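Residue numbers (the UniProt record's numbering), protein chains in the order written: chain A, 1 to 308; chain B, 1 to 305; chain C, 1 to 319.
Hints in this document: simulated from the structure, not taken from any laboratory. One thing to keep in mind: the hints can contain errors.
Computed list of chain B residues with no C-beta within reach of chain C, every gap over 10 Å [stated by the list, open to error]: (1) LEU29; (2) LYS36; (3) ILE51; (4) PRO76; (5) ILE119; (6) ILE135; (7) VAL144; (8) LYS185; (9) ARG190; (10) LYS196; (11) GLY202; (12) SER204.
Residues from chain A that face chain B, not an exhaustive set, calculated with beta carbons under 10 Å [stated by the list, open to error]: (13) ASP112; (14) LEU142; (15) ARG166; (16) ARG252.
No experiment lies behind these values; they were computed from the predicted model shown. We put the beta carbon where it would ideally sit given N, CA and C, even for glycine.
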Amino acid sequence: MSLLTVNNLKVHYPIRGGILRRKIDVVRAVDGITMELERGETYGLVGESGSGKSTSGRAIIGLESPTAGEVTFEGQKLNQLKRQDRREYYKDIQMVFQDPYSSLNPKKRVNDIIAEPIRNFEKRTKDDERRRIQELLELVGLSPESMHKYPHEFSGGQKQRLGVARALALQPKLIIADEPVSALDVSVQAQVLNFMKEIQRELDLTYIFISHDLGVVRHMCNRIGIMYNGRFVEEGSAEDVYDNPQHIYTKRLVAAIPDIDPANRKHQTDFRREVKKEYDNKKAEFFDEHGGVFDLKQVSSTHYAALP
Amino acid sequence: MEQSQQAETMADPQDMDAGKSPPGWRILLTEVLRDKVALFSLLLVVSIMMIVYLVPLFLSQEEIVRVDLFAIHEPPSSEFWLGTDYGGRDVFGQLIIGTRNSLTVGIGVTAVSGMIGIILGVVAGYFGNTVDNIIMRIVDFFFVLPTLLIVIVFIVIVPQYTVWSFIFIMSMFLWMGIARIIRSKALRERELDYIKASRTLGSSHLKIIFTQLMPNLSSIIIVTMTLNLAANIGIESGLSFLGFGFPEETPSLGTLISYATNPTTLEERWWIWVPASILILVLMLSINNVGQALRRAADAKQRRG
Amino acid sequence: MWKFIVRRIIIMFPQLVLLSMIVFILAQLMPGDVTSSLAMDPNVSPEQQEQIREDLGLNEPWHTQYLNWVGSVVQGDFGHSFTHSVPVSDLIWHRMVNSIWLGVAALIFVYMLALPLGLISGRWNDTIADRLITGYTYIGFAAPLFIFALVMLFIFGFQLGWFPTGGSVDPGLTGWDFFTSKVYHLLLPALSLALIGTVTTVQYLRSEVIETKQKEFISTARAKGVPEPKVYTNHIFRNSLLPIAAVFGYEVTTLIGGSIFVEQIFSYPGMGQLFLESIQVRDFPVVTAIVMLFGVAAILGALLSDIIMSIVDPRIRIK
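The following block holds chain A by itself, in its conformation from the complex (with noise of 0.2 Å):
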């Protein structure tokens, strides 16, 4: 059995205009989007800027609610739990926000931080939710002595690191990564990229990537989504995707990987250049009338494009 699967999954916000504020639109933020996630494996959900990964990485947290569509866990259907009953299924996801700086409260501790969902969930006494704080910092390569102090006084890098400490609190099994190292530096992406696989192994976790950097979801995903619009417009493992492109969009999205060999870039220009004139071209016949994206199409056993 899957862990997760995600079937028909939409999120839609109304647009309301004219005199009584009626709702005249919608915006299609993800407008169904299916897949499956195995134990241990990363699924990596690409996208530009508004193409609806992040939004459907919160419907499947639960921190927006679908407009149609389910989202199934370990066999239990979560839009359809109790309230009570919800606490308990979202206490195996828990997410890794993209700022570092906004997602830890810069009121309190880090000891408070990382204590939050362990006081919600875990019933300790004071020294025992001492160690496990001590643990867990250890664990993502932090002092245990930094349980004292303010967000602040921490690093970009650091803070993501006390932001997955939180969010492995609770041993969760799913971890939704929206975009972790994208507000860091470059030189510290790599670090904290590693250290995520490195946790991963030991704890056997199953992440959801979300990113908008091919090349970081190369180095981190068995498994690929590349989206467009709130729809999949391929979606395969990584060799798939990256190796035998199907749809113009993703061949244009892996053409546009830096290549860090410098003798290669005369190739890689003239590739691009290729490329975009091909999109240019087919553009038309790769999307519906409106601009739209098909369904997807079996290409292979584990390789699905959106062709018409």
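Model the placement of chains B and C on the given structure of chain A, informed by the hints.
Just chains B and C, lined up with the frame of chain A:
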């Protein structure tokens, strides 16, 4: 940076183990103590408060408000430091007790209207959307009501009129400003990820409001309440001035000033209304000064992140 | 834009209905009605009294009474004064004219003061002129209007004798003399109101100018070689004037509240003074009518302010 460190060392010593976050007011206080004008104002307000709350313990109110027809409108003398009013009552004593009464009502109204405003503002800002919409429409409506007139009507028609009903009636129509300020700050905070994080960590709305949101609203609440206190003292004395505050046997600063609506008193018996006017001005200016300094401190703190 | 205005006007109706309900409830809470004075009259038997109550609709259920009341208010009928045996509307009419005079004069002064003061202290901030203006707004913000108005009356009315100390016009004048006398009587109360009322607008304008002059489009204008005075007249002032509309509604409500104090202190026969007189003698029909009228004025002020804002600032309309 240097300041924030200092603020923290101040807050730190014992509660390291308790693991409590530093209270916002302590940081603000250190900032205000640096500001000479604000410090002076604060000392002034505190000493006025001490005098008006302590001295009446040795004065009897009946003694002061007893009509003495042989001592009407006496100018200041060694017996009556600030002369007497038309009933031969000692103005100085009335001034002390009046200031105390005005302050008490001011503080009471600030507290009650603050409570209403904070609750509605936080609820509107935290939940947003429809809840916010409904509450803000109510706020808008109260804002356009001719509140002063309605308060006066209530004061006149309320059957058992006491200080408490006075405080309550005033508060019912003075909570909108603070609600609006708190709401817009809460609305901004709610968009920050730490609130969303708390949701995913299993904290209930109530818990998030009290343990996560409120600490981040504390400075703005302190600043607004301080400025409101000054304003409320003004409103109370204004109502007493019009004759709708305390009953006449209860001295109030506004009542003393209202004697000046008599042209002879205005022109010739300055001792009745000038001291009370100056006292109100000094109180309101000083409390405002402290409030403005707190506001600057809060803004500076925000800039430092 | 018309959409915004229509929407805004639609919002105003529930406000008016709510206001009328509150006023109606207040009126119900007020002790006594028309028949209370009849009860004292030995010539009127309890049966006749009851008949009068019945005729006046006072025995109807509350919602019928409310609708009747709203119906007559809309036609300008506020009932009869308890103390003066005339219709309330007759009593209010010339007081209202006086109050409108006072309000308009005060508003004119508010903006006559606010514009130069705000613009000067914003343009040359941190100069001596700015310090003085800021100091004034600081004190004006803290000082209660009634004390300030008393001091104005004391100094300019009594000590210096420059202005009349009461009334709205000298008796027995006609034509041009009547008009100048009215204006003369208005000046001191209106100035007192305006000097206190204007400080919010001055502060607002000042910070707006200071903020605007640091914006990039101003630097661009300067870089293009637009002469400094022109930068101010064409760019900064124009942009800073927009938010002034935002405080307009607030000014109207402040002036309404303030007029009660000022009319009382300067013995100016306006609605505020009538309100205080009437409530002291418990003449509740008059009180009710004045609360209602002030409420309507405030609602209209807020409406006007929002419409002006939507005209000067297109961003508001989308909201």
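Hint by hint, here is what the structure shows:
1. Residue-level check passed: LEU29/B sits 22 Å from the nearest beta carbon of chain C, beyond 10 Å.
2. Even its closest Cβ contact with chain C, about 16 Å, leaves LYS36/B beyond 10 Å, as expected for a residue assigned away from the interface.
3. The Cβ of ILE51/B sits about 21 Å from the closest Cβ of chain C, beyond the 10 Å cut-off, so the non-interface label holds.
4. Here PRO76/B stays apart from chain C, with its beta-carbon at least about 18 Å from theirs, past the 10 Å limit.
5. No beta-carbon of chain C comes within 10 Å of the beta-carbon of ILE119/B; the shortest separation is about 21 Å.
6. The claim that ILE135/B lies off the interface holds: its Cβ sits roughly 15 Å from the closest Cβ of chain C, which is beyond the 10 Å cut-off.
7. Here VAL144/B does not stay apart from chain C, with its beta-carbon only about 4 Å from theirs, under the 10 Å limit.
8. The Cβ of LYS185/B sits about 19 Å from the closest Cβ of chain C, beyond the 10 Å cut-off, so the non-interface label holds.
9. A cut-off of 10 Å between C-beta atoms confirms that ARG190/B is not in contact with chain C; the least separation is 19 Å.
10. With 10 Å as the threshold on Cβ separation, the claim that LYS196/B sits away from chain C holds: the shortest Cβ distance comes to roughly 25 Å.
11. Every CB of chain C is more than 10 Å from the CB of GLY202/B (nearest about 35 Å), matching its label as outside the interface.
12. Distance to chain C confirms SER204/B as a non-interface residue, since its nearest Cβ pair spans about 32 Å, more than 10 Å.
13. Evaluation of the ASP112/A hint against chain B yields a held restraint, the C-beta minimum of about 6 Å falling below 10 Å.
14. Because the beta carbon of LEU142/A sits about 16 Å from the nearest beta carbon in chain B, more than 10 Å, this interface hint is broken.
15. Given hint, ARG166/A at the interface with chain B, holds; its Cβ is 7 Å from that chain's nearest Cβ, closer than 10 Å.
16. Checking ARG252/A against chain B by beta carbon gives a least distance of about 31 Å; that is not within 10 Å, so the hint is violated.
Checked against the numbered hints given earlier, this structure breaks hints 7, 14 and 16; the rest are met.
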